[in-house]
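Given next are the chains, with one letter for each unit.
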Amino acid sequence: MATSVATAQARSTPKHRFGADEVACGITLLFALAIFAITLLMAIQLWRNSAPTRAKFGFSFLTSSLWNPVTDQFGAAPYIYGTVLTSVLALLIAVPLGVGAAIYLSELAVPKISNALTFLVELLAAVPSVIYGLLAIFTLVPLMRDYLGPAIQKVLGATPLFSGHLYGVGYLTAGMILAIMTLPYIISVSREALMAVPREQREAALALGATKWESTKDAVLPFARLGIIGSIFLALARALGETMAVTMVIGNQPAIHASLFAPGYSIAAVIASEFAEADKLHRSALIELGLVLFVLTMVVNGSAQLMIKLTTKKGSAKA
Amino acid sequence: MKILVLTSLLALPALFAMPAMAADTINAAGATFPAPLYQLWFGEYKMAHSDVRINYQAVGSGAGVRQLIAGTVDFAASDIPLTDEQTKDLKGKTFHFPMTMGAVVLTYNIPQLTGNLKLTPGAIAGMYLGTIKNWDDPAIKTANPGMKLPSKAIEIVHRSDASGTSFVFTDYLAKVSLEWKSKVGAAAAVSWPTGLSGPQNAGVAGLVKQTPYSVGYVELTYAIQNKMAFADVQNAAGKFVTASFKGVSEAAANSKQMPDDFKVSITNAPGAASYPISTFTWILIPGEIKDAAKKKAITGFLEWALTTGQKDAEGLQYAQVPKAVVAKEQKQIALIK
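Chains as they are written, first to last, in this note's numbering: chain A, 1 to 319; chain B, 1001 to 1337.
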């Protein structure tokens, strides 16, 4: 409605070609295109600069776990494994915690507590990752090595997943610090999604005789599902790319271990560690790792879109 | 008074000009290891020569060399002599100037251990190769009679980032262990057979402090500043030496004849007092500097740093370059065209 009024006005003025609407449209279009251009440029640069290793190793780059800059042999498997494993561990810990906290904050807590906690959550999101890394080194690593690790091993030590030497640093420690770092994203985005659910939705459920929890479970959560899934994928993208905190506690050992207590390495961590001094093929290998991470995050985002599409088709309400 | 006003008026636009635009700003980049000393030198030299401003970015040895190849800096600094391939990429002649020296030490964390741990080259190589697994291994025990070494697994710590420090350490290991030389080799970044790794000196130090029964390597300067325990290392003459700038100077003095291109490794040097994991660090200067003002500034700085500047070294735990080497370098300064 508003636009038709505006265009009508624009038509009545003689210089309607350069009306404010067109200018605004052009400028914002430019901004929107800039995002597209940046993404495209990034992909082109990563693709071009990784040409030497792509030509030399082909697909074996993704499957080999040999990384030796001295003999110019490069395989990315330990880094891909470490990146994916730590991110998945982080989500396993952070999703139940985060979504649970968001439900409490939006549905159950009195406004005073909800506001105070929300403020704290937003504060957590603003803490630089190097601080989380330090926190992990000084508290999480000793905790893991001396208390948590031995306790877990007492029960599950026989399984390969939890066996082996306890260094304190390793996949699980990195996953835990990532969980703490991604928690604020899951909580605040999920909370927003839950708050956006219309009151009528809740009231209708309650009117039908549902208890408070039943209305939350059956009426509110399905309605906010898209927002919650979105928050999880945002957290996953953040976990995949996190560098500083991970490199401080993962142990930085380019190997694949079954045990979650074992040291590993991640893509972002090895790029940050070795890029400054890397030359020729080594440099190309690191850039190809960047390309792998780029594709990995694209796959994550793509599957998020797909998942949203598939679940909306099932016929529940759109957010 | 008038002159003062006039000069300050003339200086005004310079304040707004980009640093790179000023004719007298010299851009340099490279090694982080000697950076504290270099920053001190550049500051002091500017006090005496207000027209010379050197802008140094401590981005790492390899990155500095790459910038020199790309021509974005006037000179580079590196802990590693240029490789043949880099020399080829640089096209014109490039001079190596040893500016100062340092050492790499083995820092350890063994709870309840008193006294200074002594390590033989065989023990260090064995630990880092993963063949010596426990602290009470005979290779460590025999060098430390009377010391109560625990029967605990050794946790190996090394650098995760590529660095000159790792180069010096692996260069040393390649000299003392044939197995290391054939299996791993010497480079700024290698494929480590075992162990955890952390970024920078701080990352290694943090892991060692946090992991009981661990051992790692850091620069001497860093270990002293952070009051970390480090092991005495047995040198080529069979003596155990505590790392210090004196031991480093001895290693330089006792090393084989300084070659004309100054590309020399002084690890595992002979001499009873030589500390075996020592190194020079170099400034790399193009053989030809087209800008006359820049040439004058750079050669002037080199001359000053190799003479007056050397006195600053020991205060920051670096070792002075031997007089004989300085004399040889002064001849090379004259060769810069």
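Calculated from the structure, these hints are not laboratory results. Each hint should be verified, as a subset may be incorrect.
[What the hints assert, rightly or not] Think about it this way: if two alpha-carbon atoms lie no more than 16 angstroms apart in a straight line, the pair counts; the simulated EDC-like pairs of lysine to aspartate or glutamate are:
1) Lys1331(B) x Asp1232(B)
2) Lys1141(B) x Asp1260(B)
3) Lys280(A) x Asp1084(B)
4) Lys1263(B) x Asp1084(B)
5) Lys1093(B) x Glu1288(B)
6) Lys1183(B) x Glu200(A)
7) Lys1209(B) x Asp146(A)
8) Lys1328(B) x Asp1232(B)
9) Lys212(A) x Glu200(A)
10) Lys1246(B) x Glu1314(B)
11) Lys280(A) x Asp1261(B)
12) Lys1183(B) x Asp1171(B)
13) Lys280(A) x Glu1085(B)
14) Lys280(A) x Asp146(A)
15) Lys1088(B) x Asp279(A)
16) Lys1331(B) x Asp1291(B)
[As the list claims (entries may be wrong)] Reference excerpt, derived from the structure (chain B facing chain A, CB under 7 angstroms, subset only):
17) Ala1063
18) Ala1187
19) Ser1191
20) Ile1224
The beta carbon of each residue, even a glycine, is placed where N, CA and C say it ideally should be.
Are the Cα atoms of Lys1088(B) and Asp279(A) separated by 16 angstroms or less?
OK: Lys1088(B) and Asp279(A) at ~14 angstroms, within 16 angstroms.
Within a Cα-Cα threshold of 16 angstroms, do Lys1093(B) and Glu1288(B) meet the stated pairing?
Holds: Lys1093(B) and Glu1288(B) sit about 8 angstroms apart, inside 16 angstroms.
What's the verdict on Lys1209(B) and Asp146(A), does the C-alpha distance respect the 16 angstroms limit or exceed it?
Measuring from Cα to Cα gives roughly 15 angstroms; hence the hint holds.
Given Ile1224(B) as an interface hint, is the shortest Cβ-Cβ distance to chain A below 7 angstroms?
Violated, because the Cβ-Cβ distance from Ile1224(B) to chain A comes to roughly 22 angstroms (cut-off 7 angstroms).
Mind checking the alpha carbons of Lys280(A) and Glu1085(B) for me, to see if they're no more than 16 angstroms apart?
holds, 10 angstroms
Checking one constraint from the list: CA of Lys1183(B) to CA of Asp1171(B), max 16 angstroms. Satisfied?
holds, 13 angstroms
Hint status (Cβ of Ala1187(B) to nearest Cβ of chain A, threshold 7 angstroms)
holds, 5 angstroms
CA of Lys1331(B) to CA of Asp1291(B), is that 16 angstroms or under?
Roughly 21 angstroms separates the two Cα atoms, so the pair is violated.
Against the 16 angstroms threshold, does the CA-CA distance of Lys212(A) and Glu200(A) hold or violate the hint?
Since the Cα atoms of Lys212(A) and Glu200(A) sit roughly 14 angstroms apart, the hinted pair holds (cutoff 16 angstroms).
Given hint Asp1084(B) paired with Lys1263(B) - CA-CA distance at most 16 angstroms:
holds, 11 angstroms
Sort out whether Asp146(A) lies within 16 angstroms of Lys280(A), counting only the CA atoms.
Roughly 43 angstroms between the alpha carbons, so the hint for Lys280(A) and Asp146(A) is violated.
Going by Cβ atoms only, is Ala1063(B) closer than 7 angstroms to chain A?
holds, 5 angstroms
The structure shown violates the earlier hints numbered 1, 2, 6, 8, 11, 14, 16, 20.
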